[in-house]
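Residue numbers (this note's numbering), protein chains in the order written: chain A, 40 to 144; chain B, 232 to 321; chain C, 121 to 238; chain D, 197 to 520.
Any given hint might turn out to be false.
[Unchecked claim] Below, computed lysine to any residue pairings styled on SDA-like, alpha-carbon distance capped at 25 Å:
1) A/134 to B/252
2) C/153 to D/295
3) C/153 to B/282
4) D/470 to D/283
5) C/153 to D/272
6) D/276 to B/280
7) D/276 to D/210
8) C/153 to D/211
9) D/390 to D/435
10) C/153 to D/390
11) D/276 to C/218
12) D/276 to C/176
13) D/276 to C/224
14) C/153 to D/283
15) D/276 to C/127
16) A/136 to B/256
17) D/276 to C/182
18) D/390 to D/440
19) C/153 to D/382
20) C/153 to D/470
21) C/153 to D/296
22) A/134 to D/382
23) D/276 to C/236
24) C/153 to C/229
25) D/390 to A/109
26) C/153 to D/439
27) C/153 to D/514
28) D/390 to A/127
29) A/136 to D/293
30) C/153 to C/232
31) A/134 to D/272
32) C/153 to B/284
33) A/134 to B/242
34) D/276 to C/126
35) C/153 to D/440
36) D/390 to D/470
37) D/390 to A/136
38) D/276 to C/230
39) D/390 to A/85
Note that these hints are calculated values from the structure, not bench results. No experiment lies behind these values; they were computed from the predicted model shown.
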Amino acid sequence: MMDLVLDVLSWVCLLGGAIFLLIGAIGVLRFPDFYTRLHAVSICDTLGAGLVLVGLMLQGGLSLVTVKLLLIFYFMIFTGPTAVHALAEAALQSKLKPLVDDREP
Amino acid sequence: MFTTVSIVILIAIAVGLVRAFRGPTLYDRVLAANMIGTLTVLMVAVLGFMTGRPEFLDIALVYVLISFVSTIAVLRVVALRTGSTGAGKK
Amino acid sequence: MSELLGHYNYWIVIILMMTGFYTVIARPNLIKKIIGLFIFQTSVFILFISMAKIEGGTAPIIEEGISVYSNPLLHVLILTAIVVSLATTALGLALVIRIRQAYGTTNEDDIHVQDEED
Amino acid sequence: MEHLIDIVLLGLLMITGFAIVRMRSLLAVAMLTSIYSLLSASLFVVLDAVDVALTEAAIGAGISTILILATVALTSDEEKAPRHTPLLPLVVVIATGAALIYGTLDMPHYGDPTAPVHRHVAPTYLHDTPGEIGVPNVVTSVLASYRGYDTLGEVTVIFTAGIGVLALLGYRTRRRNSQGPGNRKLVVLRVIAKLFFPLILLFALYVLFHGDYGPGGGFQAGVIFATGFILYALAFGLGNAQRIIPHQLLRIMAAVGVLIYAAVGIESMLLGGKFLEYRVLADDPVTGQHLGIMLIELGVGITVVAVMLIIYYGFVSRLHSGDM
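Please take these sequences and the hints and turn them into a complete structure.
What follows is the structure, given as structure tokens:
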């Protein structure tokens with residue numbers, strides 16, 4: 040019974056992660072300018088990746104595999120935002136202008 | 232189920248590649264490379280489970296670190312260039 | 121169909137190899153040439169690793185209950201080749217930097233022109 | 197399913213290769229090269245070559261990209277169009293490619309277990325490793341023990357490359373870190389770098405000493421260790437990184453690594469074995485093998501760290517501001 044619950048939970052997490060990865064990918068393709076695309080990538084980096092990793096952890100059970108997955112998770116939640124932040128900073132620094140909607144409301 | 236996830240990851244990698252080809256700025260390409268790095272990590276992790284030998288997650292760990300460090304390095308080098316010549320906008 | 125699938129890896133490897141080769145011989149920019157060399161090297165790695173794969177096999181780390189492993193010898197050869205490829209790439213790039221210092225350009229055509237003027 | 201992933205990844209690699217050739221901006225090409233490396237590294241995982249994947253990711257996607265970028269930053273970004281129409285090269289390339297493809301038709305199919313390459317020494321290695329060497333990772337046992345001579349040669353090649361880069365680029369020590377105006381922008385990066393720097397070094401040691409049991413070994417560990425220092429240099433400036441691990445020390449380390457390797461070989465000769473025959477190193481042959489592999493992996497690791505950092509310092513110390 041417990042196994043079944045864990046399995047179902049892990050499938051839900053994996054599927055959710057996959058959906059968020061897909062949403063992020065579509066955003067990267069479709070958004071109009073660099074700064075908006077950053078948002079899309081952030082979804083992949085944090086929510087998508089996080090959910091997939093949690094799903095895998097539930098599959099792994101209590102073992103070294105889960106510890107390594109936790110470590111990957113830990114690295115990812117720090118590196119993803121830092122990299123995106125550095126990117127935005129560098130782009131601003133190089134005077135890349137954000138796309139602004141200047142139509143009258 | 233792992234199959235579904237890995238297909239989704241492959242699609243996302245392909246989309247990231249499209250972004251890397253189209254640009255238009257260098258930062259878009261760096262962004263795409265960073266995203267592909269993340270996706271590769273997930274791909275390796277899922278593949279480990281798919282082939283039934285998930286203990287090779289060390290590779291995924293290395294990928295996380297390397298893709299982070301190389302993104303930062305790219306940005307620092309580009310910042311140095313823009314500081315000196317004003318190039319690198321396109 | 122099985123012919124196609126059986127040789128697909130090798131064909132892609134050859135296309136990649138030729139892409140790298142073309143970059144090396146046709147592009148005048150020295151950095152681009154080194155990147156072409158890098159593509160060429162990677163295609164050779166993929167060729168070897170494709171040959172090492174055995175259908176239904178797994179990574180050559182011995183474990184109870186697994187009997188088919190992929191070929192470890194080719195993995196060893198490529199592992200060291202990758203490190204050596206970095207060594208050659210680094211040396212090549214260092215040479216490019218020095219050539220740029222001496223000639224003020226990384227374009228092969230311009231370098232030839234300067235050499236002829238001397 | 198693995199076939200499908202293999203096919204898709206190879207297709208993506210091919211497209212990336214074409215894009216690299218076509219693109220004119222060299223910075224963009226450098227980014228694509230990094231993506232190309234990552235893709236080929238994941239392909240290696242699909243093809244069961246976990247050790248190779250680890251190495252390719254650390255070297256191809258990490259250090260190679262940084263070196264190419266640094267070179268582009270030191271030279272020029274735009275590539276000029278070739279002066280001649282590339283007709284002759286195109287003909288040569290197509291002819292060579294056609295000949296090679298004709299050659300593949302005689303090759304055994306992908307994944308064929310009866311291919312000649314699997315019939316020679318590889319089965320012996322797989323069969324004998326548990327009894328003779330006692331380490332589960334056959335790649336490590338072949339690399340360090342059965343083919344130890346080769347690896348000694350490779351380490352020497354790395355060492356030579358380090359000397360070559362040193363001779364070509366020299367080095368410039370930075371006594372003081374420039375506290376330029378841009379430094380306040382690095383706060384986030386510095387916090388993260390402080391957090392990660394020890395973890396990366398620890399992980400490199402894990403990869404080094406766990407190489408007998410899982411993917412890993414001296415080459416990979418060396419590169420990861422160097423990556424840790426590169427992160428530190430990126431966040432705190434090259435000057436500060438050189439205070440931790442100065443250039444003189446690196447040059448000594450590069451030589452010491454090779455010497456450790458060769459010394460293990462000579463030690464085993466003195467103990468009555470052949471060159472690099474580890475089983476004489478301890479009373480029990482298997483323990484001796486373990487000890488020998490451990491020592492030479494350590495030597496490889498030390499040389500690789502030193503040479504990677506020599507190369508990195510050599511390239512980056514030429515960039516003007518010296519902030520990284």
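Quick rundown of the hints versus the structure:
{"no.": "1", "hint": "A/134 to B/252", "result": "holds, 22 Å"}
{"no.": "2", "hint": "C/153 to D/295", "result": "holds, 23 Å"}
{"no.": "3", "hint": "C/153 to B/282", "result": "violated, 38 Å"}
{"no.": "4", "hint": "D/470 to D/283", "result": "violated, 56 Å"}
{"no.": "5", "hint": "C/153 to D/272", "result": "holds, 14 Å"}
{"no.": "6", "hint": "D/276 to B/280", "result": "violated, 47 Å"}
{"no.": "7", "hint": "D/276 to D/210", "result": "holds, 24 Å"}
{"no.": "8", "hint": "C/153 to D/211", "result": "holds, 18 Å"}
{"no.": "9", "hint": "D/390 to D/435", "result": "holds, 16 Å"}
{"no.": "10", "hint": "C/153 to D/390", "result": "violated, 38 Å"}
{"no.": "11", "hint": "D/276 to C/218", "result": "holds, 19 Å"}
{"no.": "12", "hint": "D/276 to C/176", "result": "violated, 48 Å"}
{"no.": "13", "hint": "D/276 to C/224", "result": "holds, 14 Å"}
{"no.": "14", "hint": "C/153 to D/283", "result": "holds, 17 Å"}
{"no.": "15", "hint": "D/276 to C/127", "result": "violated, 37 Å"}
{"no.": "16", "hint": "A/136 to B/256", "result": "holds, 11 Å"}
{"no.": "17", "hint": "D/276 to C/182", "result": "violated, 52 Å"}
{"no.": "18", "hint": "D/390 to D/440", "result": "holds, 14 Å"}
{"no.": "19", "hint": "C/153 to D/382", "result": "violated, 35 Å"}
{"no.": "20", "hint": "C/153 to D/470", "result": "violated, 44 Å"}
{"no.": "21", "hint": "C/153 to D/296", "result": "holds, 22 Å"}
{"no.": "22", "hint": "A/134 to D/382", "result": "holds, 18 Å"}
{"no.": "23", "hint": "D/276 to C/236", "result": "holds, 20 Å"}
{"no.": "24", "hint": "C/153 to C/229", "result": "holds, 13 Å"}
{"no.": "25", "hint": "D/390 to A/109", "result": "holds, 20 Å"}
{"no.": "26", "hint": "C/153 to D/439", "result": "violated, 36 Å"}
{"no.": "27", "hint": "C/153 to D/514", "result": "holds, 22 Å"}
{"no.": "28", "hint": "D/390 to A/127", "result": "holds, 21 Å"}
{"no.": "29", "hint": "A/136 to D/293", "result": "violated, 46 Å"}
{"no.": "30", "hint": "C/153 to C/232", "result": "holds, 16 Å"}
{"no.": "31", "hint": "A/134 to D/272", "result": "holds, 21 Å"}
{"no.": "32", "hint": "C/153 to B/284", "result": "violated, 39 Å"}
{"no.": "33", "hint": "A/134 to B/242", "result": "violated, 32 Å"}
{"no.": "34", "hint": "D/276 to C/126", "result": "violated, 40 Å"}
{"no.": "35", "hint": "C/153 to D/440", "result": "violated, 36 Å"}
{"no.": "36", "hint": "D/390 to D/470", "result": "violated, 46 Å"}
{"no.": "37", "hint": "D/390 to A/136", "result": "violated, 32 Å"}
{"no.": "38", "hint": "D/276 to C/230", "result": "holds, 10 Å"}
{"no.": "39", "hint": "D/390 to A/85", "result": "holds, 21 Å"}
Against the hints set out earlier in the document, violations occur for numbers 3, 4, 6, 10, 12, 15, 17, 19, 20, 26, 29, 32, 33, 34, 35, 36, 37.
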